[in-house]
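Peer 1: Residue numbers (numbering that gives the first Met the number 0), protein chains in the order written: chain A, 0 to 320; chain B, 0 to 320; chain C, 0 to 320; chain D, 0 to 99; chain E, 0 to 99; chain F, 0 to 99.
Hints were generated in silico from the structure; no laboratory data involved.
Check before you lean on any hint, since a few could be wrong.
To be verified - Pairs of lysine-lysine residues, derived as BS3-like cross-links and limited to a Cα-Cα distance of at most 25 Å, are as follows:
hint, chain 1, residue 1, chain 2, residue 2
1, E, K1, E, K97
2, F, K30, C, K226
3, F, K40, F, K1
4, D, K97, A, K226
5, D, K40, A, K226
6, E, K1, E, K30
7, F, K97, F, K1
8, B, K226, E, K30
9, B, K226, D, K97
10, D, K30, D, K97
11, D, K1, F, K40
12, D, K30, D, K1
13, F, K30, E, K40
14, E, K30, D, K97
15, D, K1, D, K97
16, F, K30, D, K97
17, E, K30, D, K40
Stated by the list, open to error - Pulled from the structure, derived: some chain F residues nowhere near chain A, Cβ distances all over 10 Å:
hint, residue
18, T3
19, T4
20, L7
21, I15
22, R19
23, E26
24, L27
25, S62
26, A68
27, E79
28, H80
29, Y81
30, A90
31, E96
32, V99
Said to hold, decoys possible - Label-pair restraints from in silico Cβ distances:
hint, chain 1, residue 1, chain 2, residue 2, range
33, C, P188, A, P188, 51 to 59 Å
34, C, L11, B, T123, 43 to 51 Å
35, E, K97, A, F230, 51 to 59 Å
36, C, E192, A, L11, 30 to 38 Å
37, B, L306, C, A8, 47 to 55 Å
38, C, T60, B, R28, 31 to 39 Å
39, A, E285, C, T123, 54 to 62 Å
40, E, E71, B, A8, 57 to 65 Å
Virtual Cβ for every residue (Gly too), placed ideally from N, Cα, C.
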Amino acid sequence: MENLGLLAANLLSPIILAFVLGVLAALLRSDLRLPEGLYDALSIYLLLAIGLKGGVELNQTPPGEFVGPALLTLLLGVLTPMIAYNVLRRLGRFDRVNASAIAAHYGSVSAVTFIVAITFGSMTGQEPEGFMPALVAILEVPAIVVALMIAFTREKRVGSWRGALHEVLAGRSVVLLAGGLIIGVLVGPSGFEPVAPFFASGFQGALALFLLELGIVAARRLTDLRKVGAFLLAFGILLPIFHGVLAVWLGGFVGLSLAGSAVFGAMVSSASYIAAPAAVRIALPEANPTYYLTASLGITFPFNVTLGIPLYYAVAGWLYV
Amino acid sequence: MENLGLLAANLLSPIILAFVLGVLAALLRSDLRLPEGLYDALSIYLLLAIGLKGGVELNQTPPGEFVGPALLTLLLGVLTPMIAYNVLRRLGRFDRVNASAIAAHYGSVSAVTFIVAITFGSMTGQEPEGFMPALVAILEVPAIVVALMIAFTREKRVGSWRGALHEVLAGRSVVLLAGGLIIGVLVGPSGFEPVAPFFASGFQGALALFLLELGIVAARRLTDLRKVGAFLLAFGILLPIFHGVLAVWLGGFVGLSLAGSAVFGAMVSSASYIAAPAAVRIALPEANPTYYLTASLGITFPFNVTLGIPLYYAVAGWLYV
Amino acid sequence: MENLGLLAANLLSPIILAFVLGVLAALLRSDLRLPEGLYDALSIYLLLAIGLKGGVELNQTPPGEFVGPALLTLLLGVLTPMIAYNVLRRLGRFDRVNASAIAAHYGSVSAVTFIVAITFGSMTGQEPEGFMPALVAILEVPAIVVALMIAFTREKRVGSWRGALHEVLAGRSVVLLAGGLIIGVLVGPSGFEPVAPFFASGFQGALALFLLELGIVAARRLTDLRKVGAFLLAFGILLPIFHGVLAVWLGGFVGLSLAGSAVFGAMVSSASYIAAPAAVRIALPEANPTYYLTASLGITFPFNVTLGIPLYYAVAGWLYV
Amino acid sequence: MKTTTLKLVTIVSERILEDRLLRELGELGAKGYTLTQATGKGSRGVRASEWEGPDIRIETLVSPAVADAIVEHIADRYFEHYAVIVYLQEADVVRGEKYV
Amino acid sequence: MKTTTLKLVTIVSERILEDRLLRELGELGAKGYTLTQATGKGSRGVRASEWEGPDIRIETLVSPAVADAIVEHIADRYFEHYAVIVYLQEADVVRGEKYV
Amino acid sequence: MKTTTLKLVTIVSERILEDRLLRELGELGAKGYTLTQATGKGSRGVRASEWEGPDIRIETLVSPAVADAIVEHIADRYFEHYAVIVYLQEADVVRGEKYV
Ligand SMILES: Nc1ncnc2c1ncn2[C@@H]1O[C@H](COP(=O)(O)O)[C@@H](O)[C@H]1O
Ligand SMILES: Nc1ncnc2c1ncn2[C@@H]1O[C@H](COP(=O)(O)O)[C@@H](O)[C@H]1O
Ligand SMILES: Nc1ncnc2c1ncn2[C@@H]1O[C@H](COP(=O)(O)O)[C@@H](O)[C@H]1O
Ligand code: NA
Ligand code: NA
Ligand code: NA
């Protein structure tokens with residue numbers, strides 16, 4: 000009942016509806032597109048903003064509180080790509096290259112899914128821990144490294160392993176997220192104040208605009224659904240649920256609040272579609288982009304922002320009573 | 000007297016002065032140009048924002064109040080292009096194609112003129128009905144359809160009639176305006192709140208920036224004034240006045256407030272320069288763009304945002320005593 | 000002591016740290032770049048915003064207070080390029096063309112350095128006079144004219160002298176700054192109010208984003224440091240200090256407040272890297288861009304925004320006791 | 000390295016024709032295309048980029064037969080009323096058989 | 000379909016020359032041009048796009064005579080001090096008489 | 000005006016290869032290049048510009064020898080797994096000796 004309330008609250012937020020509008024616009028073959036510059040601008044703004052806000056909060060957090068969640072994040076960053084890989088190999092019968100390519104995406108994290116989860120929390124009056132963005136930064140990289148190692152341990156590859164690593168570590172999502180975090184920690188609440196109106200107040204509106212574009216992009220992926228087959232479709236929904244519930248459950252043990260572990264679940268369940276694809280394209284060019292892009296962007300992302308996030312909150316609420 | 004006050008209030012608003020600055024910059028052959036991405040971004044932002052705000056208001060409006068204005072808008076959407084067409088044919092001696100091409104523009108609506116009219120109202124402390132943006136969405140399409148039908152009923156055309164229709168209906172101005180409206184209606188005031196700072200507070204400043212660019216664009220049109228001749232110049236000023244006053248007057252009968260009917264007058268008098276040109280270019284390629292662009296963008300738009308809007312407010316004030 | 004406090008306050012502001020982050024991102028060869036459109040958009044926004052705010056303040060300033068500073072600015076706009084030219088010729092042994100090219104940059108002003116100085120003031124609770132932006136507009140042009148005249152008085156040049164002049168006067172920085180000023184003066188505080196959230200609240204955050212990009216750009220210049228040699232390195236730090244201290248000192252005589260003369264010092268010491276390079280490239284194509292760009296963007300700008308500005312405030316504080 | 004000589008057809012037109020041109024190129028047998036944004040000036044004067052965006056510049060590598068078909072099509076479909084220019088060149092394409 | 004063989008002159012230069020080059024092309028007899036934004040690297044090193052924007056790439060279809068005039072003009076006006084490159088190709092232009 | 004005939008090598012590829020291609024072009028002897036942003040369609044279908052940005056279009060004027068080296072290199076390094084197309088044309092370059 001109240002869970003249905005959660006679901007409605009999420010589906011009726013301007014942010015999700017903007018995503019839906021984007022999907023519809025694409026299906027109507029509308030000429031509506033965000034100019035590429037705006038798309039980049041918004042992603043830069045959003046990543047820097049969550050970094051900054053996370054840093055400011057971290058500046059106020061006793062280290063003790065943060066250690067546990069940080070280590071757990073690291074652990075799941077190593078574990079989840081392995082789970083994904085084995086599911087894809089054994090159940091999905093994917094060849095090694097494509098299996099590790101997809102695993103890299105599902106081990107890593109989608110910053111936007113994270114932001115939507117945060118926003119959902121504050122909409123429903125449940126504030127997660129302020130240091131969550133720091134966990135996103137921690138979660139982004141390891142999974143990609145692990146998945147690529149799985150692929151490279153076997154026969155020599157054509158792709159560039161070091162090139163891929165640089166692509167991830169110096170990639171703009173890590174730089175902005177980590178950079179924002181450090182700045183936030185250094186300046187603290189008082190230093191953040193003058194830039195707050197720009198980075199805090201404008202945040203959710205900018206996110207709505209960004210999701211409008213993501214909707215357009217995701218809709219184009221939908222046409223590829225047939226190509227990827229039923230297994231990947233199921234995989235793109237069930238694995239996130241498994242990863243998500245696992246993370247929510249473990250979140251309790253490291254002292255995360257209800258909202259905190261719900262957001263943590265959303266993070267872990269999400270599939271990267273910016274950092275991972277770029278790295279994989281360089282390291283494993285023979286992997287088929289249609290698989291990993293359609294799964295992460297066409298299946299898992301829409302599922303998470305609409306049904307997944309409320310689900311993780313519901314599970315958290317249920318585990319925390 | 001007090002009307003002069005209205006006029007000054009309008010001419011001395013940052014928004015209009017930004018437009019003037021743009022015109023001057025262009026005449027000075029300055030290298031000042033808004034990057035194309037920003038121009039698109041601002042128009043997307045502005046259309047979505049008025050859609051959202053209109054929807055939120057509509058969510059609060061008893062249907063009864065809305066039906067009358069909606070039907071009147073529909074009526075004028077059919078009537079005004081016919082008026083324009085006949086004036087252009089009989090008095091202006093325009094051939095059928097160019098007459099219907101121009102008529103499509105003057106029957107449809109310029110979103111920016113509408114926004115300036117709204118802004119002018121709030122600046123002078125007169126709030127029009129909140130549902131006005133819904134009327135813009137209603138007014139945009141029919142006129143274009145009517146005008147194109149006039150052209151297509153006669154001999155077979157080279158242009159694509161269905162292509163044009165799709166261009167209008169799936170065009171971004173309709174999608175964003177209508178989409179924003181629906182989202183606004185669904186989420187209501189409480190749901191809109193988190194995104195309000197972005198879409199509400201920033202609105203007028205963004206509009207100023209947008210008008211800066213429109214000024215630059217309009218100034219380039221001025222050089223074409225000679226080409227279009229005296230008739231179109233007079234047409235571009237007198238027809239909007241006629242349409243505007245007509246709309247202000249009829250607005251009273253359907254229960255619009257003073258400010259409401261003034262804004263309604265501005266809407267109806269305005270000439271489209273985004274949706275209509277694209278549709279006309281596809282449906283009536285043999286029509287001469289210099290005519291309809293110069294008239295709508297080089298004559299009617301500058302007239303309306305400077306003198307027209309205060310005039311419609313003055314007329315409304317005069318009719319409402 | 001308290002000066003160290005000033006320094007720390009500056010270095011730990013999000014704005015400066017964003018600049019540092021940009022530098023680091025570039026050194027890490029990150030793919031982080033602001034889309035060109037965003038870079039342009041931000042500079043347009045920032046220039047128009049300071050113009051507007053300056054104009055609104057000017058609207059409230061008794062002419063008497065403004066005349067003195069304005070004349071002093073004009074004087075220094077003529078004097079500083081001559082100082083720079085002679086230092087470069089006599090001590091630096093630069094040929095006439097390169098000497099005047101560089102002199103044009105150091106006589107003119109960097110709007111961003113000015114903005115950072117203003118921001119630094121308000122962060123440390125010291126508000127400079129509101130009309131300072133008007134002085135920036137006055138300072139920008141004369142130095143470039145003077146420096147080019149030095150070059151053109153001798154042998155006939157290949158470059159276009161009139162082309163260069165137009166480039167400066169109709170260049171977007173002058174148009175936006177002067178245009179914003181005039182609009183601000185005309186509309187006054189009440190007229191500015193509706194657009195204030197956009198132009199005032201968002202300002203510092205936008206500045207942080209802009210400095211992120213400037214950091215990336217400046218970092219690329221660093222690789223040219225070797226090419227320009229030790230003299231230009233020293234010149235790029237010592238001349239600004241001299242110009243800055245001179246301006247702070249003279250600022251007192253024309254009645255500028257402590258913060259006012261500190262900001263004035265930052266203005267005068269700064270080197271242009273938008274208006275001047277464009278003009279010089281047209282008027283003196285045979286001058287080597289590596290010299291004047293590296294000096295102004297790679298040396299003086301980073302020095303001023305990090306160490307220079309706190310220094311000028313410290314000097315002002317010291318002179319004003 | 001073996002190369003095949005193909006026709007490089009370059010089309011510059013107002014952006015409003017983008018969707019139609021690309022679809023029709025495919026129907027006429029082009030296996031692919033490369034599109035860049037452009038602005039330009041011609042007999043009709045500067046394109047009014049404020050209302051339809053800049054011009055588009057389409058390049059497609061095709062067999063001579065397909066090239067002729069494209070030229071024919073554009074000539075009698077768009078030349079009269081739209082701003083469009085078309086020109087042909089030869090190009091030695093690596094792995095060219097892939098594109099015919 | 001009848002085509003005319005014209006010279007395709009391609010000019011890549013730093014953006015600051017845009018206005019002057021376009022005006023002068025017209026004066027030298029070019030009937031039109033197509034301009035695209037570009038970045039590039041040459042003997043002078045990467046263009047400092049932070050202060051003058053990226054390079055511009057201008058294509059103009061002209062008669063051989065006009066082509067020579069353009070080359071002459073650019074060579075002695077801009078080669079020495081500006082970053083600019085010019086090259087000529089043949090192109091079979093549909094409706095080509097329109098452009099000479 | 001004296002011109003030198005060089006090879007104009009045009010490469011269109013997905014953007015992710017940008018840095019590597021430009022570096023390797025230099026190593027193979029290209030003295031410069033001009034790069035424009037592009038989008039396109041080919042046998043692999045539309046480039047997924049949402050995750051790697053649009054395609055890039057690289058033009059480089061080089062000697063025939065360097066042109067062959069470039070073609071060889073790209074063919075055996077990138078053709079199999081990446082979206083890339085390469086074609087050669089002749090161009091008469093003003094001041095061409097500067098580029099060989
Ligand atoms: N002589 C020319 N050389 C290169 N491009 C041209 C030429 N003439 C026209 N164009 C391009 O073709 C487009 C349409 O030309 P037009 O149909 O003559 O207005 C223009 O916008 C230019 O981009
Ligand atoms: N070999 C080349 N091939 C293609 N484009 C070049 C070449 N050399 C230079 N360019 C272009 O011409 C511009 C100016 O070159 P430069 O004058 O040598 O610095 C560069 O920015 C490139 O865009
Ligand atoms: N026939 C063609 N003509 C022009 N460009 C092409 C053609 N085929 C492919 N391209 C370009 O080369 C890129 C890669 O093609 P592909 O490797 O076939 O997917 C595409 O994105 C297009 O930009
Ligand atoms: Na994950
Ligand atoms: Na109308
Ligand atoms: Na200075």
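Peer 1: Please go over all the hints and tell whether each is borne out by the structure.
Peer 2: Comparing the hints with the structure gives:
For the hint linking E/K1 to E/K97, the alpha-carbon distance of about 13 Å falls within 25 Å, and the restraint holds. Pair hint F/K30 plus C/K226 holds up; C-alpha atoms about 21 Å apart against a cutoff of 25 Å. The hinted pair formed by F/K40 and F/K1 fails the criterion: a straight-line CA distance of about 38 Å is larger than 25 Å. For the hint pairing D/K97 with A/K226, the CA-to-CA distance comes to about 23 Å; that is within 25 Å, so the pair holds.
Pair hint D/K40 plus A/K226 does not hold up; C-alpha atoms about 44 Å apart against a cutoff of 25 Å. Annotation: proposed proximity of E/K1 to E/K30 holds, straight-line Cα distance about 20 Å (limit 25 Å). Of the supplied pair hints, the one linking F/K97 and F/K1 holds, its CA atoms being roughly 13 Å apart against a limit of 25 Å. Distance check on the hinted pair: B/K226 and E/K30 sit about 21 Å apart at the alpha-carbon level, within 25 Å; holds.
A C-alpha spacing of about 50 Å is found between B/K226 and D/K97, which places the hinted pair above 25 Å, so the restraint is violated. Of the pairs offered as hints, the one joining D/K30 and D/K97 holds, with about 8 Å between alpha carbons and a cut-off of 25 Å not exceeded. Only pairs whose Cα atoms come within 25 Å are accepted, and D/K1 paired with F/K40 is accepted, the gap being roughly 23 Å. Simply put, D/K30 and D/K1 have alpha-carbon atoms about 20 Å apart, close enough for the 25 Å limit, and the pair holds.
At roughly 8 Å between alpha-carbon atoms, F/K30 and E/K40 fall within 25 Å of each other, so this suggested pair holds. Note on E/K30 and D/K97: the hinted pairing is violated, with a Cα-Cα distance of about 37 Å set against a maximum of 25 Å. Distance restraint check for D/K1 and D/K97: the Cα-Cα separation of roughly 13 Å lies within the 25 Å cut-off, and the hinted pair is therefore satisfied. Simply put, F/K30 and D/K97 have alpha-carbon atoms about 30 Å apart, too far for the 25 Å limit, and the pair is violated.
Between E/K30 and D/K40 the CA atoms are separated by roughly 8 Å; this keeps the pair inside 25 Å, and the hint holds. No Cβ of chain A comes within 10 Å of the Cβ of F/T3; the nearest lies about 36 Å off, and the non-interface call holds. Look at F/T4: its CB is around 36 Å from the nearest CB on chain A, clear of 10 Å, so calling it non-interface holds up. Distance check on F/L7: its Cβ is at least 27 Å (rounded) from any Cβ of chain A, clearing the 10 Å threshold; non-interface status holds.
With a least CB separation of 5 Å from chain A, F/I15 falls inside the 10 Å interface cut-off, contrary to its annotation. At the 10 Å boundary, the C-beta of F/R19 falls inside the reach of chain A, the nearest C-beta of that chain being 7 Å off. Distance check on F/E26: its Cβ is at least 15 Å (rounded) from any Cβ of chain A, clearing the 10 Å threshold; non-interface status holds. No beta-carbon of chain A is positioned within 10 Å of the beta-carbon of F/L27; the least distance is around 18 Å.
Every CB of chain A is more than 10 Å from the CB of F/S62 (nearest about 29 Å), matching its label as outside the interface. A cut-off of 10 Å between C-beta atoms confirms that F/A68 is not in contact with chain A; the least separation is 20 Å. Under the 10 Å C-beta cut-off, the non-interface status given to F/E79 relative to chain A is violated; the minimum distance is some 8 Å. Non-interface status of F/H80 relative to chain A is broken: a Cβ of that chain comes within 10 Å, the nearest being about 4 Å off.
Chain A draws F/Y81 into its interface by the beta-carbon criterion, the shortest separation being 6 Å against a cut-off of 10 Å. For F/A90, the requirement that its beta carbon stay farther than 10 Å from each beta carbon of chain A is met, with the minimum near 30 Å. For F/E96, the non-interface assignment is confirmed: its Cβ lies about 36 Å from the closest Cβ of chain A, beyond the 10 Å cut-off. No Cβ of chain A comes within 10 Å of the Cβ of F/V99; the nearest lies about 30 Å off, and the non-interface call holds.
With their beta carbons about 30 Å apart, C/P188 and A/P188 fall outside the hinted range of 51 to 59 Å. For the hinted restraint 43 to 51 Å between C/L11 and B/T123, the CB-CB distance of approximately 45 Å keeps it satisfied. Distance hint check: the CB atoms of E/K97 and A/F230 are about 58 Å apart, consistent with the given range 51 to 59 Å. Between C/E192 and A/L11 the CB atoms are about 33 Å apart, so this pair conforms to the stated range of 30 to 38 Å.
Hint check: B/L306 to C/A8, Cβ distance near 51 Å, so the stated range 47 to 55 Å holds. In this structure, C/T60 and B/R28 meet the distance hint of 31 to 39 Å, their C-beta atoms being roughly 32 Å apart. Restraint check, A/E285 to C/T123: a C-beta distance of roughly 58 Å satisfies the suggested window 54 to 62 Å. A hinted range of 57 to 65 Å holds for the C-beta pair E/E71 and B/A8, which are about 59 Å apart.
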